[in-house]
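**Student:** Chain order of the listed sequences is A and B.
Mapping to the working numbering: the first sequence position 221 is 297, numbers consecutive.
Mapping to the working numbering: the second sequence position 71 is 297, numbers consecutive.
No wet-lab data here; the hints were simulated from the structure.
For every residue, glycine included, the Cβ atom is placed at its ideal position computed from N, Cα and C.
One or more hints might be untrue.
[As the list claims (entries may be wrong)] Pairs of lysine-lysine, PhoX-like flavour, derived with a Cα cap of 25 Å: (1) A:K94 <-> B:K443; (2) B:K443 <-> A:K95; (3) B:K363 <-> B:K443.
[Said to hold, decoys possible] Ranges between beta-carbon positions, derived for each pair: (4) A:L278 <-> B:T392: 58 to 64 Å; (5) B:V302 <-> A:R514: 55 to 61 Å; (6) B:D423 <-> A:L128: 39 to 45 Å; (7) A:K384 <-> B:P244: 57 to 63 Å; (8) B:T392 <-> A:V144: 42 to 48 Å; (9) A:K384 <-> B:V301: 38 to 44 Å; (10) A:A496 <-> B:T392: 54 to 60 Å; (11) A:K384 <-> B:T484: 24 to 30 Å.
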Amino acid sequence: MATDTDSEASVFGRVSRKKVIALRVVLLASSLVGIAALGALLAYVTYQAFDLQEVAPAWFLVYFLALVVPTAALSLWLRGRPDGLQVGAESAIALWGGTMAAAGAGIFFVAVQPVTWFATLVPVALVAGVTVALGRYTPISETVRLVVAAVLLGLALFGLPGVVPSASGLLGSLSTLPSDFVIVVATVVLPAAAAVGAYVALVREERRPGLVAGALTLVGVAAAGYGIGLTTGFSPGDAVLIPLFGLVPAAIHAWRTVQSEARSAAGLSLPVTIGAGSLVGAAAVDALGLTGPTPWLNWQFLTNLPNKSFPESAGVFPAIVGSLLLMIVVVVLAFPVGVGAAVYLEEYAPDNRFTRFVQVNISNLAGVPSVVYGLLGLAIFINTFGMESGSVAVGGMALGLLILPIVIISAQEAIRSVPASAREASYGMGATRWQTVRNVVLPQAMPGILTGTILALGRAIGETAPLLMIAAPDAYLGIPDGFLAPAAALPLQIYNLAFLPQSAFRTGVVPAGVVTMLAILLTMNGIAIILRNRYQNDS
Amino acid sequence: MSNESSRLELTRQTEQSPRERLARAFFFACATVSVLTTLGIVVALGSGAMRFFTFTADFGNAVGLFDYAGETVGVVDFLTGTEFSPTAADPSFGVLPLVAGTLMITVGSAVIALPLGVGTAIYLSEFASEQRRRYLKPALEVLAGIPTVVYGFFAIAYITPTLEATLGLELGLFNAASACIVVGIMIIPMVASVSEDAMSAVPDDLRQAGYGMGATKFDVVTGIVIPASISGIASSFILALSRAIGETMAVTLAAGQTPKMLNPLNPASYTESIETMTAAMIHLATGDISALGRAYHSLFGIGITLFVITLVMNLISDYVASRYREVY
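Using the sequences provided together with the hints, build the complete structure.
**Tutor:** Structure follows, in structure tokens:
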């Protein structure tokens, strides 16, 4: 700045942009250093996980020409279309995330037997039906209805110990039970088909298309699943999950895109191009006789039991099952409690000392080191309440409390972004506070809440320290069979494998585990980012 | 739904109906869970730590608080001891070597993360186009989203060998330098996002006034934006350092498990294997020690020290952010 009076003119003359340009370059570099370092690390770990060392350059060239070039060209072209690239990314994530979800559901039925699932679900559904029917067709009061529902639920699940057997116990001990295929179709596919039907009916504002879509989903998924079961090694009960999760969400997304005037349906060709490119690449490599890599990260790695002595046959299946069960506990605990707390703080809480204390408390909890949550689980849940050390329930509770502040804070932000006018309109029509929360605030805030919850879940999946503190076991125990059994988790498995003496573990098995975990995490982040983008565009 | 039933519902639902009260009670209970969590942490750490410290000696009888009769350790011995060897035949429980280790990680990661984080924040808030921000911000979030155990593996498997090859350092399998680098990378986004929020909150009028006085962009950034957002930047530093102090898996994997008193300001210390407070806790929890002895209870002694340090830092960060904030 020119402040010297005697040399003012000359200083003005010498103002140059060099300093600014240098600053700009330094700042850009500093924002890229971390990203570039992580990028290099991730590239190298992927390289090791897929063991790309021995692969001939021609192999890369074939896949580059068949897969990368068309995909990149298509992406460039799609940028010129309205929402083209976004639609493409959405449909690709829908297919990929759906496949992951199908795998997750299949793994769930490994840990929880379909029969157990059936015997638990049917009584619960019956109780829910009775409760709704009581409310609709009898004049009994709300309070009585809730008490009746609670008693019925207790009887259905636990019975009176020693006097009345529980309904789920009775169901589970029946001599002729439906097959796994029938159970999965009845308890998973049927509700999903009903949801699809309801959604279609809502969008088209007509019942008939909804009924048709629901029926088509049910029949189509069941038939496709049975077909896949017959032709591959999957049992029909598991196979039915593949079309349900893998194809139905992508199909709905495609249908909505085609219907929409403002979005270009051309983006839907992106996943098709990727799939076709992979097939063409595989065929070309086969025809040319090029040897591809023998990746550490393969089907056997994902489905085998761990092995400390032979890296070639080591797997992570029990750890994946453990991680999935942990996530279920975390979601069931942290989502309702976190959203509930956020609703209380934003919609109900008076501005008094207690509220401010809760708010400060939540932001401080978010900064508590994760290892301390492990100590909490160890001292309170295990030493005081006597729960089994290392069990899924204890681990899930510790992780659930760990991400609770994150869920609350993100849900609060989402709720705060619902315009006050929407609430005022609801109150003005005579709605009560709960009706406003349920019908106005939560539906509008839900995409934001879901985004925050998915990101928080990603944090929970990667946490290791709390699990070590509560003495979660190595995966060598085998596959956990339920929520009260001790179970390992993927990050824990990585930690334990990193110190094994054979170098193949460090150069092959651990990278494969790392890539598996990062693939799950990045898929979840991708879904969260897409949800957020859609949501921001809408509002 | 018929007209009849909807009218019934309208008249039946008031703020005092059971459904309303139930909803309110449920939401309130949810909010209390967070308070209970804090209470649980305080009770868990406090009772464990009390068993560890010498309340027996202070009260002059064999059985102190919580009817715990085992051997204990003095608070002063714990806080000023310079040796930590919980499983030795003649164990000593001085927390200072662990604090020194934690301090090294904090200093080392700060050297990396603070300049890069502030640089990123300035770039994002003052220079980057909307398009660049849309790609940079999610990419930065990924840095914070990678599990820390993965960072720890990267440190021992890739970063240590790279450091040895490029800088010609003599490093062991475990060393503080690689741990500092990964912890630094992982806290960059925290510095960047909090600082950037503070810089974006600086009103445009101030910048325009600067330009009107003939200032260049360089002058505006260094003379107006940074001073105006200094409280936010400071609070982001404290938050990020508190995160580095509490960081567990990366330092457990990469920095090793040998407690040492080293000078954090001497660069040569960073080639050695150290142990942080968090790593010591993992070590104690996974090691083969009796669940009743002093070694086990030292877990809670270290835990409460760590908890208090991070809590104080978070409170200071809140205080700095609110006390020195320029309100526009």
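**Student:** All hints are to be evaluated individually against the structure, with a verdict given for each.
**Tutor:** Here's how the hints hold up against the structure:
| no. | hint | in the structure |
| --- | --- | --- |
| 1 | A:K94 <-> B:K443 | 11 Å, holds |
| 2 | B:K443 <-> A:K95 | 9 Å, holds |
| 3 | B:K363 <-> B:K443 | 23 Å, holds |
| 4 | A:L278 <-> B:T392: 58 to 64 Å | 60 Å, holds |
| 5 | B:V302 <-> A:R514: 55 to 61 Å | 57 Å, holds |
| 6 | B:D423 <-> A:L128: 39 to 45 Å | 41 Å, holds |
| 7 | A:K384 <-> B:P244: 57 to 63 Å | 58 Å, holds |
| 8 | B:T392 <-> A:V144: 42 to 48 Å | 31 Å, violated |
| 9 | A:K384 <-> B:V301: 38 to 44 Å | 42 Å, holds |
| 10 | A:A496 <-> B:T392: 54 to 60 Å | 57 Å, holds |
| 11 | A:K384 <-> B:T484: 24 to 30 Å | 25 Å, holds |
Violated hint for the displayed structure: number 8, the only one.
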